[in-house]
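*Asks:* Sequence:
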Amino acid sequence: MSRELPYSDAQLEALGLARDRLARHIAIIMDGNGRWAQQRGMPRIEGHRRGVNSVRAVVEECSRLGLEQLTLYCFSSENWKRPKLELSLLMSLLRRYLVEERKRINEQGLRFRVIGRTDELDPAIQKEIRITEESAAENDGMMLCLAVNYGSRMEITDAVRAIAEKVQQGEIHPDEISEQTVASHLMTSGMPDPDLLIRTANQLRISNYLLWQISYSEIWITDCFWPDFREEQLHQALKDFAARDRRFGGLNPSSDQAASNSS
Numbered sequence: 001m002s003r004e005l006p007y008s009d010a011q012l013e014a015l016g017l018a019r020d021r022l023a024r025h026i027a028i029i030m031d032g033n034g035r036w037a038q039q040r041g042m043p044r045i046e047g048h049r050r051g052v053n054s055v056r057a058v059v060e061e062c063s064r065l066g067l068e069q070l071t072l073y074c075f076s077s078e079n080w081k082r083p084k085l086e087l088s089l090l091m092s093l094l095r096r097y098l099v100e101e102r103k104r105i106n107e108q109g110l111r112f113r114v115i116g117r118t119d120e121l122d123p124a125i126q127k128e129i130r131i132t133e134e135s136a137a138e139n140d141g142m143m144l145c146l147a148v149n150y151g152s153r154m155e156i157t158d159a160v161r162a163i164a165e166k167v168q169q170g171e172i173h174p175d176e177i178s179e180q181t182v183a184s185h186l187m188t189s190g191m192p193d194p195d196l197l198i199r200t201a202n203q204l205r206i207s208n209y210l211l212w213q214i215s216y217s218e219i220w221i222t223d224c225f226w227p228d229f230r231e232e233q234l235h236q237a238l239k240d241f242a243a244r245d246r247r248f249g250g251l252n253p254s255s256d257q258a259a260s261n262s263s
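Following UniProt numbering from start to finish, the sequence shown increments by one per residue and tops out at 263.
Each hint should be verified, as a subset may be incorrect.
Below, a list of computed lysine to any residue pairs in the SDA-like style, where the Cα atoms sit at most 20 Å apart [what the hints assert, rightly or not]:
hint	residue 1	residue 2
1	K81	S207
2	K239	I221
3	K239	G16
4	K127	Y97
5	K239	K84
6	K239	E68
7	K84	I45
8	K166	T181
9	K81	R35
10	K239	Y97
11	K84	D122
12	K127	T181
Per label pair, the in silico range of CB-to-CB distance [as the list claims (entries may be wrong)]:
hint	residue 1	residue 2	range
13	R56	E176	38 to 48 Å
14	M91	D223	46 to 56 Å
15	L211	R3	16 to 26 Å
No lab work stands behind these hints, which were simulated from the structure alone. Glycine is no exception: its CB is placed at the ideal position from the N, C-alpha and C atoms.
Please construct the entire structure, taking both the sequences and the accompanying hints into account.
*Replies:* Quick look at the structure:
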C-alpha cells in the first residue's frame with residue numbers, strides 16, 4: 001500500500017470543506033462498541049473488533065485531510081473495573097492492532113505516540129508500543145496518538161507532583177509556575193491542544209479525557225455508535241466545526257463593532 005496523497009483544495013471543496021477551516025487536532029472518545037454489539041445479539045468484544053475498522057478508516061481520512069494530530073481514547077484508567085474476560089480480550093485486541101497496523105502506519109508516514117500509564121500494561125503490549133513508536137520516529141506525517149490506561153485527573157496529579165518536587169529541589173520558584181509549566185509536565189507535552197472533541201453514541205460527558213487540553217475545544221456529539229463511524233460522520237463533524245465562531249472567551253470583530261455601536 002502506497003502513501004495516500006493529501007486532498008487538494010478542489011477535493012476538499014467537493015467534500016464541502018475548506019483547508020483554512022479544518023481542525024488542526026481532533027480528539028475522539030470512541031463510545032458505543034458494546035451497545036452496538038448487544039443490539040445485534042453479539043458479544044461485546046465483537047463491537048470492539050468492529051470498532052478497529054472505524055479506527056483504520058478515520059486515521060486514513062484524517063491523514064488525507066492534512067490534520068496535524070488525531071488522538072483516540074482507547075482505554076481509560078477506569079476501564080480496569082470491567083470483567084476480567086473483557087479486559088483480557090481488549091488487551092489482546094490492542095496488541096494485535098499494534099502489530100498489524102505498524103506497517104500501515106509507516107506506509108502512511110504517520111508519527112505515533114501513546115499517552116497513559118503504559119508501565120502498568122502487560123510487558124508484551126509495552127514492547128509493541130515501543131517498537132511501533134520507534135519504527136515511526138522518523139515519519140513526518142500526522143501524529144496518531146493513542147490514550148491507553150489514561151485518565152486526565154491522574155495526569156494532572158502526576159504533573160503537579162513533578163512540579164512540586166522541582167520546587168522542593170530548588171529547580172523552580174513557585175512564582176515562576178505558569179500554565180506553560182503545567183502543560184510541559186503533562187503527558188501531551190509538545191502536542192497542540194485539540195480544536196475539536198468528538199464523542200460517539202450520544203453520551204454527553206467528558207469521561208476524564210484531556211480535561212486540561214480541551215479547555216477551548218469545540219465539542220461535537222453524534223448518536224452514531226463507534227463501529228458505524230466512518231468518513232461521512234467525520235466530514236459532518238468538520239463542517240459543523242468550520243461553521244462555529246471560536247472566540248476563546250472574547251468576541252468576534254463583528255460583535256465588538258455591534259457592542260461599540262450600541263454603547
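*Asks:* The structure should be examined with respect to each hint, and the outcome stated for every one.
*Replies:* Right, here's what the structure says about each hint:
1. Taking the CA atoms of K81 and S207, the gap is near 14 Å; set against the 20 Å cutoff, the hint holds.
2. About 13 Å separates the Cα atoms of K239 and I221, which keeps this hinted pair within 20 Å; it holds.
3. A hinted pair counts as satisfied when its Cα atoms are at most 20 Å apart, and K239 with G16 qualifies at roughly 7 Å.
4. Only pairs whose Cα atoms come within 20 Å are accepted, and K127 paired with Y97 is accepted, the gap being roughly 13 Å.
5. Note on K239 and K84: the hinted pairing is violated, with a Cα-Cα distance of about 40 Å set against a maximum of 20 Å.
6. The suggested pairing of K239 with E68 holds, with an alpha-carbon distance near 17 Å, which does not exceed 20 Å.
7. This hinted pair checks out: K84 and I45 have alpha carbons roughly 12 Å apart, not beyond 20 Å.
8. At roughly 11 Å between alpha-carbon atoms, K166 and T181 fall within 20 Å of each other, so this suggested pair holds.
9. Simply put, K81 and R35 have alpha-carbon atoms about 17 Å apart, close enough for the 20 Å limit, and the pair holds.
10. Our distance criterion of 20 Å between C-alpha atoms is broken by K239 and Y97, whose separation comes to about 30 Å.
11. Taking the CA atoms of K84 and D122, the gap is about 14 Å. The hint holds against a cut of 20 Å.
12. The straight-line distance between the Cα atoms of K127 and T181 is roughly 30 Å, outside the 20 Å bound, and the hint therefore fails.
13. At about 44 Å, the beta-carbon gap between R56 and E176 stays in the expected band of 38 to 48 Å.
14. Range check, M91 to D223: Cβ separation about 29 Å, and the 46 to 56 Å hint is violated.
15. The given range of 16 to 26 Å is broken by L211 and R3, whose C-beta atoms sit roughly 35 Å from each other.
Consistency note: the structure conflicts with the earlier hints numbered 5, 10, 12, 14, 15.
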